[in-house]
Amino acid sequence: MRQVRVHGRGGQGVVTAAEMLARTGFMAGHEAQAIPSFGSERTGAPVIAYCRFDDRPLRTREPVLHPDVVLVQDPTLLVSERVFDGVPDGGVVIVNTEGDADDVRTQAGVDRPGVDVITVPAMRITMEHLGTPRPSAAMSGAYAAVSDDITLEAIQAVYRTRFPGRVGEANARAAAAARAHVAAQLAGEDPEQAAAAAVDAMEVSHA
Amino acid sequence: MTTVHIPFMQTGTLAVGGRLLDLEERSVQSQADRPSSLTKGHRACQGCAEALAARWVMDTAVEESGGKLIVANATGCLEVFSTLYPESAWKPPWIHSLFANAAAVATGIASALRAQGRDDVRVLAQGGDGGTVDIGLAAVSGMFERNDDVLYVCYDNQGYMNTGVQRSSATPPTARTATTPAVGKAPGAPYGQGKSMPKIAMAHEIPYVATATVADLRDLESKVRTAMSMHGARYLHVLVPCPVGWGTSAAQSIALSRAAVESGIFPVLEARDGEIVATHPIRERVDVEEYLRPQARFAHLFKPGGEEGLERWRALAEANIRRFRLTEATP
Amino acid sequence: MREVLEGSQAVAMAVARCRPGVVCAYPISPQTHIVEALSRMSRTGELTDCEYVNVESEFSAMSVSIGSSAAGSRTYTATASQGLLYMAEAVYNAAGMGLPIVMTVANRAIGAPINIWNDHSDSMAMRDAGWLQLFAMDNQEAADLHVIAFAVAEELGMPAMVCMDGFVLTHASDVVDVPSAEDIDAFLPPFRPLQSLDVENPATIGTMAGPESFTETKYLQHMRFLDAADVIASWSARFAERFGREAGGLVARFDPDTLDRSATAPPAKWDDVTVIAMGSVLGTLQAAIEPMRAAGAHVRLVGISAFRPFPTQALRDAVGASRNIVVVDRALELGAQGVLTSCVGGALVGTGSRIHSVVAGLGGRPILASSLTAVIQRAIDGDLRRLEFLDLKEGGVPAPSLGATEVSR
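Chains as they are written, first to last, in the numbering used here: chain A, 78 to 284; chain B, 487 to 817; chain C, 556 to 964.
For the record, the hints were derived by calculation from the structure and aren't laboratory data.
Computed from a predicted structure; not experimentally measured.
Ideal Cβ positions, reconstructed from N, Cα and C, are used throughout, including at glycine.
Keep in mind that a hint or two might mislead.
[Claimed, not checked] One-sided and incomplete, this derived list gives chain C residues near chain B with beta-carbon spacing under 8 Å: (1) Val619; (2) Leu749; (3) Pro757; (4) Leu775.
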């Protein structure tokens, strides 16, 4: 079983992000489940949602206590939220930030060398392609760069189905760009160039 | 051949049966094949104006709907005296659910009929003042606000008569009830409380609002006909004296209704879309005493110390006459 | 088609495909997503020949439902918590008049203190209202139960609540296969009311019954309620046959080792601890018990699918020879024990069972698999008390930690 925790703020579509992630995992061939945490809505307040993938039907309804993957949609949450909590060694924390992994550890006040930290400028990529601050597709793209749980194709199909037309396409581009950005970082290549090339490749294939 | 002059005093606004009129002008009740929707065998008290009004309202509505009328009834005297298992005094399909929900049940019936495509069947809801003005107000207001296709009729006897004559928010000031006893400094129901349901209905700007009494049953009948000719939420408020609750003889229900109108205490009017379009002018104004004195619930007004109360009643009548222009003919 | 759907969306789709004539709604968390979805469908044409009525209170929601059901239309509404209590008078009334309304209860706690999160206090407060209460263990069953509920309710002339855990199910997304409109059309007979407000056949509905007839009226309602068990079992069996999966029924049995739901699972044995629960916690219990079984523990799981009528015989059959019972209960009978525990105790009277009440998940407290495992182990070891509160924090009422992140839409 793979367990994911999404951190974001009210208004950033955190609950939708977890639901879309579950759909993406399902499209990628897994059983999937998304669980929002619930409360009185306040725009801007910290929000958590969970997601699980497995290769057999998911039974448990408990919240995710030990996430293999943590998606942090807003870097300001590193200060107020304990995003590394419960993450086992070997887990991954993916943060939307312009900074690097050291910045993330410093801001979070956490060392945890056993946990990988991946950074991606998901909000910048999202604003460039979508124009609204809902970075869930870009965060999923970054996730797809470091794991086989989900694929870029599944992300794009899910967003195109849910938001037919411009919004779906913009999310598909943001996901591609974010995935390429992270992949390039890990390969020691130029992430900005890779992200741009990934989007260009999409446009060529669509032309 | 000699001509017989029949005294025709009863034609016009105050006539009841109208058997001397041409066939087409006669009331529903004067016809041999009247529907008798609220039929014999019910257990209403002697002189119950609610039973009289309900019979006229229902028969007219049944006739206007071509016999296709469904009725939702709130808990109250009307329900209790007409449907004690295994008997029913109702001929149309009729449902009683609860005290506070007749308007909502009627909405449900109207919605089902719409979903079934039955635009030929009409829906009427009815209740007393408790079920309308007090506990059922939210449901009535909701039905008005949605403009559901329901005619709601309130039979107002100004108190909870079914439970033993307690005060409702339609109980008039100074009236003695079991919960506003005529003792102490301000005997009877307090001043400055209570609601005018017709005005509340008008504030919803529903297609039709009217008031009527059992003193003018042809007027009541004609208002039901008007209401039934329209669609959307309609409201009819009928003053129905209750001999038990008001402390009167059974023979006085009609006369008291007339006195309520002719003194200015109960304005008889019609409104469309929130605007008053007609008022019944006072023909021969009488003092409020003619209305109040026969009722035991106001007996304390006619004892030493009751003058202030009487004066307030006169002021109330004056205010109604001024506000509703009751001494002027409708323009 | 299997797809990832929020529980509320799955339920709304299933309800729409049952072709209700009247849907009425008043918003209250956590049932709102269901009626929002139905309102959209009533405008997009996915829900045809249906009147969608926005009312001014839950009391009117149930009252409109009473009117529309009595006038012969298939009727649906949904509520939760305070809303269910606000309509309580009409809830009883609908049952007394034999109106087969189907209502989703998105189970939620009752205040004070006000609390929007899940437990079963709301449905439990209406347990004697004369409604069937069918509890869903997951979102697939929640969707399926609505189809079964309409069939059962309409055959019996009796209203049915489909109870699903608020937020835990309503707001969670799962892989669900919502029955298609064609399959439901073939399965669910058209609504033919036993009695209705019909201008061609006028009837008086809702008369007063005095002391000379009231007892017999209630006795007949009671006998009808007892009939309901067979009708629920029969429609659930037909559902399983047509749709190829179990839903509803009286109790849910689980394979001893795989913990898969299985109607043919053997009854528990004399040396088993039997855990009894209802609703979504059954999923977490499956997850908790499977590894315990693999490690050799003698534990069995039984789910209550129909809480009303209470499945006394089916429960006794499933419990078999087991006499060490743990009831995981999401509602509290103050001063006594869990509400379900009392019902289980009534059903197992005379068996000499030790019955432990574990009150869990009140007001949305997450029920953790590890906590359940620990409680079950203590039952096996013989040191579980008669009444326990799962994960109770000692020392008074704790305040949430600074910056607690409980937020939703």
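At a threshold of 8 Å, is the proposed contact between Val619/C and chain B supported by beta-carbon distances? 4 Å, holds
Hint check: 8 Å Cβ-Cβ cutoff, Leu775/C to chain B: Not OK, violated: Leu775/C not within 8 Å of chain B, min 13 Å.
Regarding the hint that Pro757/C lies at the interface with chain B, is the smallest CB-CB distance below 8 Å? 4 Å, holds
For the hint on Leu749/C, just tell me whether its beta-carbon gets within less than 8 Å of chain B. Constraint on Leu749/C not satisfied, violated at 14 Å.
Figure legend: structure checked against the earlier numbered hints; hints not met, in rising order: 2, 4.
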